[in-house]
Amino acid sequence: MIAGVATSDYPHLPNMSEHAVHGQAADRALADAGLTFADIDGFATTGFFPMYATGVAEYLGLHPIYFDETNSGGSSFEVLVEHAAYAVESGAVDVVLVTYGSVQLSQMGRRLGTGGGGGGFAPGPAIYDALWGNTLVGNYAMATRRHMYEFGTTPEQLAAVAVTMRRHAATNPQAQERELITVDDVVSSRLVADPLHKLDCCVISDGGGACVVTTEERAADLPGTPVYVLGAAHATTHHLNLSAMPNLTVTPAAQCGPVAFARAGITHADVDVAQLYDSFTITVVLTVEDLGFCAKGEGGAFVEDGGLEVGGRLPTNTDGGGLSACHPGMRGMFLIVEAVRQLRDEGGATQVPDARIAVAHGTGGMLSTGATLVLGLDAP
Amino acid sequence: MIDRAPATGDERPPKPRPAPVPDADSAPYWTAAHEGRLVIQHCTRCGARQLYARDRCLVCRGSVEWVEASGRGTVYSYTVIRQNYTRPFRDWIPYVVALVDLEEGPRVMTNIVGCEPEAVRVGMPVRAHFEAVSEEAGIALFSPEG
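Protein sequence lines, in the order shown, are assigned to chains A and B.
260 is the number that the working numbering gives to position 208 of the first sequence; each next residue is one higher, with no gaps.
299 is the number that the working numbering gives to position 67 of the second sequence; each next residue is one higher, with no gaps.
Derived by calculation from the structure, the hints in this document are not laboratory data.
None of the values given here were measured: they were computed from a predicted structure.
Beta carbons are placed, not taken as given, at the ideal position from N, Cα and C, and that holds for glycine.
Don't take every hint at face value.
Stated by the list, open to error - Here chain A is said to cover these stretches of chain B; the calculated rule only asks that three of the stretch's residues, wherever they fall, bring their Cβ under 8 Å from a Cβ of chain A:
#: 1; segment: 263-276
#: 2; segment: 287-295
#: 3; segment: 298-310
#: 4; segment: 313-319
#: 5; segment: 339-347
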């Protein structure tokens, strides 16, 4: 069960170290759970260096008997929480703290999405796609182009995702971008990598979050409202070579989504609210299709006309998402925190009435990995 | 092949295109491109064809051999890169990065050159030509057929 969640301060933290962001989020999540650092026997986090979790544990003064730093990019924290749920269920550990921290905006500025393609970070076979000046945005742009070609998806349909995220962000005082935008604003913003415009791309932020995973028995003794991890699964189709992705319009969500839903024993009609990784507008369109909320190719129509707003077909990214609220590089933790807040009726202006089942789905790399968590208020 | 003026105000000489460092798997591929040939792997057991270079067939795990490809293909998808801070690419903006499906099946990433970026289309027939990028390695770029 998830017994506590928190976000750190965000989106701009020029006076905090990356590790202090982990610490702030951990303090808040433990307080939310009604626990202290002394209660933790497991720890999970991930970053861009090997033995990253070990380093953060050292910084926080933790000596856990379980640690995990599985890195699948943006979906990492869904995977880490899945693993943590298995770990506590098995009896191996009692309380796993999962943290995320990043000061990417302050350290790197906005280069992540539009640098590279020069063979710099190209371990082994990754060299094949690293010679052409492609960028992170370029990969998602090619998926977008192919989706447009096969299904007639329009820039305006994609823009609807960004417009909805901004509407949600406008109610989130912490959100990085809060000024309302229109479809026309999105499609008339400059092209970064055709056909993706600037406003089809997520913001780049500082920030982090944390959650506490524990057993049902332990959670029963805690003051808050715990949330069940009803089902989870993750999948991968390729790493950094987009040329190795079998089909640019089908993400790993098509594999892990149905498995997670089956493990949770739910159908799509049971899902009240979704937190879907929105690195780019296309990421959301592909994800609603691959998770099965609509047929392949119908994602454009699904997200139009307020389809992702509260009261719409699938209320999504109620905090404003990575497109508007906060995207520090691996946003998956924010999906979990917001999903739990919705289930605990703490969603504020974007609260989905009587939300009992939430789906958090992370997407990592170049549409390379997917990880689905089905969370619920009621015992399975 | 992509020859554009450097960004205004940057007085440094143009940076060359990055070059792959061949390894035990990939050396035949980069060497062939250096010689002006496009090669792909062919499974000696099941006949499947693949790129990139691996030590085995992705379908049946059989052994693979290198065979020559026609150099013809079609654009599976593409993007026009309009923002990249990394040299030398920022000096090329706007330029086309594409995935090309070779006539023989395998898919490769490449640049489409020899036409305006706005002229590129999904499904467009393209043909490989080659550029030496080091003493030992070449790469395959693609241009519109005909």
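Results for each hint:
no., hint, verdict
1, 263-276, "violated (count 0)"
2, 287-295, "violated (count 0)"
3, 298-310, "holds (count 3)"
4, 313-319, "holds (count 7)"
5, 339-347, "holds (count 5)"
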